[in-house]
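Asks: Chains as they are written, first to last, in our numbering: chain A, 4 to 212; chain B, 4 to 212.
There may be inaccurate statements among the hints.
It does not matter which identical chain is used: a pair holds within one copy or between any two.
In silico DSSO-like links for lysine-lysine, alpha-carbon gap of 30 Å or less [stated by the list, open to error]:
#1 Lys119 x Lys173
#2 Lys119 x Lys79
#3 Lys182 x Lys18
#4 Lys173 x Lys159
#5 Lys77 x Lys127
Note that these hints are calculated values from the structure, not bench results.
Number of protein chains: 2
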Amino acid sequence: MDLTQRQEHIIEIVKENGPITGENIAERLSLTRATLRPDLAILTMAGYLDARPRVGYFYTGKTGSELLTEKLKKFKVQEFQSIPVVVHENVSVYDAICTMFLEDVGTLFVVNDHAKLVGVLSRKDLLRASIGNQDLREIPVHIIMTRMPNVTICYKEDLLLEAGQMLIDKQIDALPVVKNDEDGYEVIGRLTKTNLTKALVELGRDERI
Amino acid sequence: MDLTQRQEHIIEIVKENGPITGENIAERLSLTRATLRPDLAILTMAGYLDARPRVGYFYTGKTGSELLTEKLKKFKVQEFQSIPVVVHENVSVYDAICTMFLEDVGTLFVVNDHAKLVGVLSRKDLLRASIGNQDLREIPVHIIMTRMPNVTICYKEDLLLEAGQMLIDKQIDALPVVKNDEDGYEVIGRLTKTNLTKALVELGRDERI
Chain A
4 MDLTQRQEHI IEIVKENGPI TGENIAERLS LTRATLRPDL AILTMAGYLD ARPRVGYFYT
64 GKTGSELLTE KLKKFKVQEF QSIPVVVHEN VSVYDAICTM FLEDVGTLFV VNDHAKLVGV
124 LSRKDLLRAS IGNQDLREIP VHIIMTRMPN VTICYKEDLL LEAGQMLIDK QIDALPVVKN
184 DEDGYEVIGR LTKTNLTKAL VELGRDERI
Chain B
4 MDLTQRQEHI IEIVKENGPI TGENIAERLS LTRATLRPDL AILTMAGYLD ARPRVGYFYT
64 GKTGSELLTE KLKKFKVQEF QSIPVVVHEN VSVYDAICTM FLEDVGTLFV VNDHAKLVGV
124 LSRKDLLRAS IGNQDLREIP VHIIMTRMPN VTICYKEDLL LEAGQMLIDK QIDALPVVKN
184 DEDGYEVIGR LTKTNLTKAL VELGRDERI
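Could you put together the complete structure from these sequences and hints?
Replies: Quick look at the structure:
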């Protein structure tokens, strides 16, 4: 939304002097209160200003783009996560690779006998193992996986954007979405760069806001 | 931006009867033109309605969320693309895997003697080859790559969201950004799900709008 010069001016006045009454703003601009009413209504409705009875207008501190992205900032991981694919820590690297192709995923989560998270297998982990001179049917995945506590996790209530930032910072493709039990983490979801790409595309299609 | 009941009502009236004068809208609502002025100003400024002198108000057909995402829809591939990593079609699968680790990318683009795009290598392509019983140092990548014309490409002027949709539809991690020459495609960039994840996170940080 584009603001007029007068509206920009009003924001400046309120920013410096708020809380300030409509009467006072009008005075500073040498305009009548009536002339100013539509502008103040617009700025309040759009979220730039807030008004309190008997106090006056004050600046919310929000820029136009901040207001635009407020909804995006509230997205939760659980609204975008996928179903996780897990393998037991004792399966062979060969079987893990087959599972990856069969399930059509890029990341596998590794669990122990109690179905608790113990590690993660990326395509690169599997690729690295497969070019070594080893028999892939003989090596269990727990030998080559990235193991706890070096696994980056997230929770379903986490903000989508924070999880996205972790994917970027850690240079990984997926995060396990976990639930915290007494004896470890249960894997209840998978959040991937594909989920975040979909979120962006859906945002553009107006499907999410 | 939340609309009042009266503003929603005005939009309905204009949608059905536009172009319609402010006078006529006021009549239908049994209000004075002056009372309505702030509402009409807000709806016009926010982009829901448009006004033409001597014609009246008409509905722009834009919903609130459409207005919010208009900027996102204009993002171009070139604003987000990364540097491409290419290998020659005659290098071995083993060397390609090493290049992938050294360059820290998830997708390699394959070129011929004229530096034109002939194929793409994903981590899964390389993983599939590496579990076969073959000597990876003896197999050239052109044997295992996804080859033209089955490679999905994009141009730097393409819309980011359309490229993102292609990544999702084709279930791939990266698109080569190409330039069309007489004798083929020159690879000038790489657009990945990481780029799209970053775009979403930056959008949330108000860095892009």
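Asks: When no copy is specified for Lys77 and Lys127, does a C-alpha distance of 30 Å or less occur within a copy, between copies, both, or neither?
Replies: Answer is neither; intra-copy 32 Å and inter-copy 34 Å both fail.
Asks: Using 30 Å as the alpha-carbon threshold, which applies to Lys119 and Lys173: within, between, both, or neither?
Replies: within (22 Å within a copy, 33 Å between copies)
Asks: What label fits Lys119 with Lys79 when the C-alpha limit is 30 Å: within, between, both, or neither?
Replies: So Lys119 and Lys79 pass the 30 Å test inside one copy only (23 Å; across, 43 Å).
Asks: Within a copy, between copies, both or neither: which one fits Lys173 and Lys159 at a CA-CA cutoff of 30 Å?
Replies: both (19 Å within a copy, 27 Å between copies)
Asks: Quick one: Lys182 to Lys18, C-alpha cut-off 30 Å, is that within a copy, between copies, both, or neither?
Replies: neither (44 Å within a copy, 49 Å between copies)
Figure legend: structure checked against the earlier numbered hints; hints not met, in rising order: 3 and 5.
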